[in-house]
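Participant: Listed below, chain by chain, are the residues.
Number of protein chains: 2
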Amino acid sequence: MKYIESESNASIKQWKKLHTKKEREKTGTFLLEGPHLIEEAIASGAALVHVIVEENFEMKDEWLKEKFTLWTVPAKIMKILSETEKPQGIIAVCEMPAEPEEILKENGRYLFVDGVQDPGNLGTIIRTADSAGLDGVFLGEGTADLFNGKTVRSTQGSIFHLPIVKKDLQKALSDCQSLNIPVYSTSLSDAVDMREVPETKGFALIVGNEGSGVQPALQNESTMNVKIPIFGKAESLNVSVATGILLYELQRKR
Amino acid sequence: MKYIESESNASIKQWKKLHTKKEREKTGTFLLEGPHLIEEAIASGAALVHVIVEENFEMKDEWLKEKFTLWTVPAKIMKILSETEKPQGIIAVCEMPAEPEEILKENGRYLFVDGVQDPGNLGTIIRTADSAGLDGVFLGEGTADLFNGKTVRSTQGSIFHLPIVKKDLQKALSDCQSLNIPVYSTSLSDAVDMREVPETKGFALIVGNEGSGVQPALQNESTMNVKIPIFGKAESLNVSVATGILLYELQRKR
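Residue numbers (our numbering), protein chains in the order written: chain A, 3 to 256; chain B, 3 to 256.
Just so you know, these hints were derived from the structure itself, not from any lab. Honestly, I wouldn't trust all of these hints.
Same chains, same label: a pair holds when it works inside one copy or across any pair of copies.
[Stated by the list, open to error] Pairs of lysine-lysine residues, derived as DSS-like cross-links and limited to a Cα-Cα distance of at most 25 Å, are as follows: (1) K15 with K88; (2) K107 with K235; (3) K168 with K67; (4) K235 with K62; (5) K169 with K235; (6) K235 with K67; (7) K255 with K62; (8) K255 with K229; (9) K4 with K69; (10) K152 with K24; (11) K255 with K235; (12) K24 with K67; (13) K67 with K19.
Please read all numbers here as calculations on a predicted model, not as lab measurements.
Turn these sequences into a full structure, and let the hints guide you.
Facilitator: So, in structure tokens, the structure goes:
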């Protein structure tokens, strides 16, 4: 166990840089905060490089079997590294998992995320896709960064539970259709009520940007545009909530 | 139209205080930001007291028929009043709507919010309850403030669409049961799969705190505890997403 006391220590400065997307992409690493996420990372076999704990933080014995370097820091340094208001005493530098080559298969179930901009929404959507038992998530251009601290925390560990791949969604869409997987775009108008969607084993659902929804180019190529019925006076639902309602509705069609 | 230029103007100082719950409760007013919320407020007959716009903001003609006092301020003052990163050029001081006396009725559909702490979650939950066409929302103790700026913005206007009442949830629960409205608590364990809940016209659904869920005292008194099946490896769903899935599932039982 190594101890760092100075805020100007080079490692501290380096790890803090991981708050930026640029540095995460340059190094292929990202930060994990809190014992729950670190537990999930270890359980899934993710590679932790450094684990930084506050003085008096109690490490679990199983964690110490892992290969990372362990560092202890005072509370003031934990505050510098943390992106939350109440740091939980442990932060890790984790290697980004390798993107799987091909995750599409017959009768598979997928979510396409087309330009969701809020990291909290993206993380919650991934957590929801995990709950619904999907086989993978595709992130299209203009979508929030998967390794943004807020995204990672909002997944509550689901980032380690299912394949998540950056991909051109137009390509992913035609790949699905070659496998006879129907692709459903969410839409507010000119769409089929989700309850009327025919039975299907596999599917791909496309959810879109908070303001503008799924881009027309994808809607036009989709097998069907689907919508959630609105029974009250709201104009639309939050994109994470809509994803949950639609995925559990499609789950029923199997 | 009155013009304010100085940051030390007494009205500016007073309105900025509405960022705090204490001042909102003392004055019975709260802030609304952005044209969409102001449109919704006017459409629902809410009483706007002051409307503050940035120079060059284009007011809609219909809005000018309302009774508020209109103020113009420079961008630097709008920034002081705003609670968002990108102010949208218009903020209003709005009177809190009077709480309706009694909203429970036979076969009605209600949501109880038991200690949801994040204002963004609370606002999203209210927007979802509106979409699902509920007859009202009860906010229990320990729940985020309905008039917090983040809550209000997350409702996307639904705060003006359905009755929302602060109430002791134990009392609300027994009131429902006297009307033969079944009350369902969400629960992660020892609960009936939502798909197995019997047909029902009316219902009350209780959703709980992000960390600890619905308090045991309410679960024990409920007609039934219900859960969302998890098909993947996630431990639970975000509370707003869970609310959406459950409300749309219960909608099907009618």
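Participant: With reference to the structure, classify each hint as holding or not holding.
Facilitator: Do the hints match the structure? See the list:
1. K15 with K88: Within one copy only: 20 Å inside a chain, 30 Å across chains, cut-off 25 Å.
2. K107 with K235: Classified as between; 20 Å across copies, 40 Å inside a copy.
3. K168 with K67: neither (32 Å within a copy, 50 Å between copies)
4. K235 with K62: Answer is between: at 22 Å across copies they meet the 25 Å cutoff, but 50 Å inside does not.
5. K169 with K235: between (36 Å within a copy, 24 Å between copies)
6. K235 with K67: between (55 Å within a copy, 24 Å between copies)
7. K255 with K62: Neither way: K255 and K62 sit 43 Å apart in one copy and 46 Å across, limit 25 Å.
8. K255 with K229: Both: 15 Å inside a copy, 19 Å across copies.
9. K4 with K69: within (14 Å within a copy, 66 Å between copies)
10. K152 with K24: within (16 Å within a copy, 29 Å between copies)
11. K255 with K235: between (28 Å within a copy, 21 Å between copies)
12. K24 with K67: neither (31 Å within a copy, 50 Å between copies)
13. K67 with K19: Neither: 28 Å inside a copy, 52 Å across copies.
When each numbered hint is compared with the structure, violations occur for hints 3, 7, 12 and 13.
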